[in-house]
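K.L.:
Using the sequences and the hints, build the whole thing.
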Amino acid sequence: MASIKVLFALIKKECWELLRDKRSLVATFAYALVGPFLLYVLIKGFIVTATQETEVNVGLQTDARYEQSVSQIQHYLTTQNISVVNYSGELPTDFDQLPADKGFDALVRVEPPMGAHGGGRMVIAVYGDQGSQGRSKQLEKTVELVSQFVTNQRQDDLIKQGLNPSSSQWQVEQRVINEQTQSTNRLMDTLLIFLLLAPFFITLNYINDATAGERERGSLMPLLTQPMNRDLLIASKWSVGSLLGIVGSLVTMLIGFTLIADLPVYEIGLQLNPSAVNAVLTMAIITPLALCIASVQMLIAFSAKSFKEGQSYLTLFSFIPLIAVFMADKFDDASWSAMTPLLGHQQMLKSVFVNQEVDNAQFIGLTISCILITSIALLAVRKQLNSEGVLQGR
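When the letters of the sequence shown are read in order and numbered with numbering that gives the first Met the number 0, they come out as residues 0 to 393.
Pairwise CB distance ranges, derived in the manner of DEER restraints:
#  : residue 1 : residue 2 : range
1  : SER2      : LYS304    : 29 to 35 Å
2  : PRO111    : GLN154    : 22 to 28 Å
3  : GLN154    : ALA360    : 48 to 54 Å
4  : LEU223    : THR314    : 25 to 31 Å
5  : THR61     : ALA275    : 51 to 57 Å
6  : GLN152    : SER82     : 20 to 26 Å
7  : ALA234    : ALA278    : 26 to 32 Å
8  : ALA260    : SER2      : 44 to 50 Å
9  : ALA360    : SER2      : 32 to 38 Å
10 : VAL40     : GLU110    : 44 to 50 Å
If you're looking for bench data, these hints aren't it; they were derived computationally from the structure. For glycine and all other residues, C-beta sits at the position ideal for the given N, C-alpha and C.
P.N.:
Right, here's the structure in full:
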């Protein structure tokens, strides 16, 4: 009972130390408050770029010889919410030089069949420019629209002949198992970086101040020169640091989900499911990691000789998630990656966000890995506090 009272007294002391400096408190939660807004701006920029590249204005060349066909094409494009510009001039050599009020990104025109045996069939020619990525995507979308129009016309012709287009014994159906493309996977990795970085940066200031900072100010020495249980002292600092990491990660996730929920992420093929269940799963996955990070940060900060040196070491340590997440693709096939902190956490978070089944065995394995690392780090911290080097500044 006495030990519990001492522990709570130490935790209370750590909390007052944290609340004492308002600027340090703001810096502690700066990442949780600012990070999601930066992520929001980043994703919004991707969406704007993607929609600009796929938004297309189609020029439709008028021709009295194929008036009915041109009218059908125009009607179809209009039903697809495509802006159509009627064009009657010569084939342009540069679409960028067209007048602003009559400009278009791709030109569609009906042409007679090539060769003597065309069979009366007409050709829908699509003219475009592949000089830039945006132009290339606009041309690709126009071709896709025209191809769909031709498919619809063929089905109508079969129906007019009394044939059912779906009566064939052969049918093709596309069934996508994973809707995440390579580009959206990279974007998902960026989301995971923000989440995985949260406990690193949110606990950094407090852990450094509670260890290297107290050591530099001399406020740690009176505690260590008294017959105080070192385990209780370590537990108080570690528990407050871990709680900050967990709460900060929760705030980061909630603000991020709230902001991103209003964005049309489907425009860039991103599948994100910010439900309450997924939020709980996310925190269940991140919590053991936050405990592990706080313990390792304590070990690193106690190894520093000054507050500034500790801050430098901890900042370098915070770059580990960046390397781990960006290099994760190279280790996806490795059996050990599923049980490795950060790599395994990235895999599990990705499963949560795309609504795939969470691997319970992986979760248990990652939790055990984090507990082992936490135990080793805290034992090393205890050894540091029992050495004379802490008191002598070595």
